[in-house]
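Chain by chain, the residues:
2 protein chains.
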Amino acid sequence: MNILITLDRNYLGPLRIMLASMFINNPNKTFDIYLIADGFLDADYQMLDKLTGRFDSRIKIVDFDKSIFGQAPSLRYYSRAMYYRLLAADLLPKNLDRILYLDPDILLINKIDRLYNIDFSDNLFAGASHTDSLGIIDTVNKIRLSNYNAESYFNSGVLMMNLKMMRKLVEKEDVFAYIKDKGKGLLLPDQDALNALYGHKILAVDDSIYNYDTRHFRKHLLNSKGVKNFDWISKNTVILHYCGKNKPWHEDYIGYFALIYKHYQKLVDLYLA
Amino acid sequence: MNILITLDRNYLGPLRIMLASMFINNPNKTFDIYLIADGFLDADYQMLDKLTGRFDSRIKIVDFDKSIFGQAPSLRYYSRAMYYRLLAADLLPKNLDRILYLDPDILLINKIDRLYNIDFSDNLFAGASHTDSLGIIDTVNKIRLSNYNAESYFNSGVLMMNLKMMRKLVEKEDVFAYIKDKGKGLLLPDQDALNALYGHKILAVDDSIYNYDTRHFRKHLLNSKGVKNFDWISKNTVILHYCGKNKPWHEDYIGYFALIYKHYQKLVDLYLA
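Chains as they are written, first to last, in the working numbering: chain A, 1 to 273; chain B, 1 to 273.
Mixed in with the good hints, there may be bad ones.
Pairs involving identical chains hold if they fit within one copy or between any two copies, as the list cannot separate such chains.
[Said to hold, decoys possible] With a straight-line cut-off of 25 Å between C-alpha atoms, the simulated BS3-like cross-links for lysine-lysine are:
(1) Lys266 - Lys66
(2) Lys111 - Lys29
(3) Lys66 - Lys225
(4) Lys225 - Lys164
(5) Lys228 - Lys172
(6) Lys245 - Lys94
(7) Lys219 - Lys247
(8) Lys266 - Lys235
(9) Lys50 - Lys172
(10) Lys228 - Lys247
For the record, the hints were derived by calculation from the structure and aren't laboratory data.
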């Protein structure tokens, strides 16, 4: 399976934990981890090679032609990394058909085969939206995306990418133009651009399975009339997404999903010892 | 290492989870699990053999002379199982020097060597007390044990037993007499008898490490000025004790320690598949 991760060195620790949880919960699978990393040292790659090698998987450093960003508009404090997801098909080897993009603030606690092998139909992506307690998309998100005509506002932290279709339909000029035009009004430029430009070509998957916002246990429990308890999560949820400011790798992080994160954190140390 | 467990068939499910967590977090160790079980079927023992066999460990059914309970007073709805812990030295093979008694509503998340190999000095047991938020023992417990002269009220759910010394000092007649005399006033007859008769011969160990009451996360965090957060627990706590009425194997159990329990529950299913 192909995995895409784009990050800077601050997320090296979480990346290790995410990878370990993925390997452990997907036994007998091997992974090619495509990394677009900023500021990584040789020792960092060696450590990641050691970890992935233990699970017969490989780190692949994505090497791309920097001129692709020649015409890219810049925006406030954002680096050009904000474009990596949307332009993934241009950056990755041309022989790849599909890849799973993952944010590094994630834990995988079950098998991802079903998401990975999803039938895209003619969609560009498969992803989940984080709805509010009534199951409705945040109106703020709807309003601030003017040319927005999709049903949901998708979270871009977990995205199955149909690279074949992206090579046909995603034009970097469109992305650059959107950011140039709306940039200053955007809260999350890459996620907003994804939704505004391609929201209608995203296949919706169940967020409580593939992009579970760990801040919203009570919401999921109530909306499901008690079905989505911890037993259900443990058996069904594939991807826990630690959204928000408080992150589980902080020593003092408190929450229902803290101890399971620390558990995998401890396992990483064992694997690398 | 020798482990003692006494239980009836209602606790077969939790027993499997406790054992799996112990095996997984104590790699390269083998265990002899001494079981005094009520109502177990042949199929239950076969299933436990399969699980323990995967970790090079063994189930040993404790076979004892029933006449030992000939003079034992009965008490309300309690079965004679209430005597098993205190009279363990009489029930177990005479060649055993030490054994770790464990309740089945427990999860082991780190290595137990240090507790197992503790220097008893001239004590009969090593155990932990569950203190209140000020670090003081519940006065109710102090008052109801009239001949009580120990420092703490010990929880009997995790007990390292000095069997050698117990054979010298623990007299079943004393235990029977105590239950006969005080029985009706006791809330937890076996735990009360342990404290009243032998509280002064129990070596105190840190409950936040060896008998962490999962209901008291906030208490431990506050008492330790924030040190005993989930990171600390994950690294230091050996035994999580799911005290109280709400049990983590119930489908709808909610709490900070729910998901880690469900995690091991899921692993058991994998090991037995």
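*Among the hints numbered above, which are violated by the structure, and what are their numbers in rising order?*
The structure breaks hints 1, 3, 4, 5, 6, 9; every other hint is satisfied.
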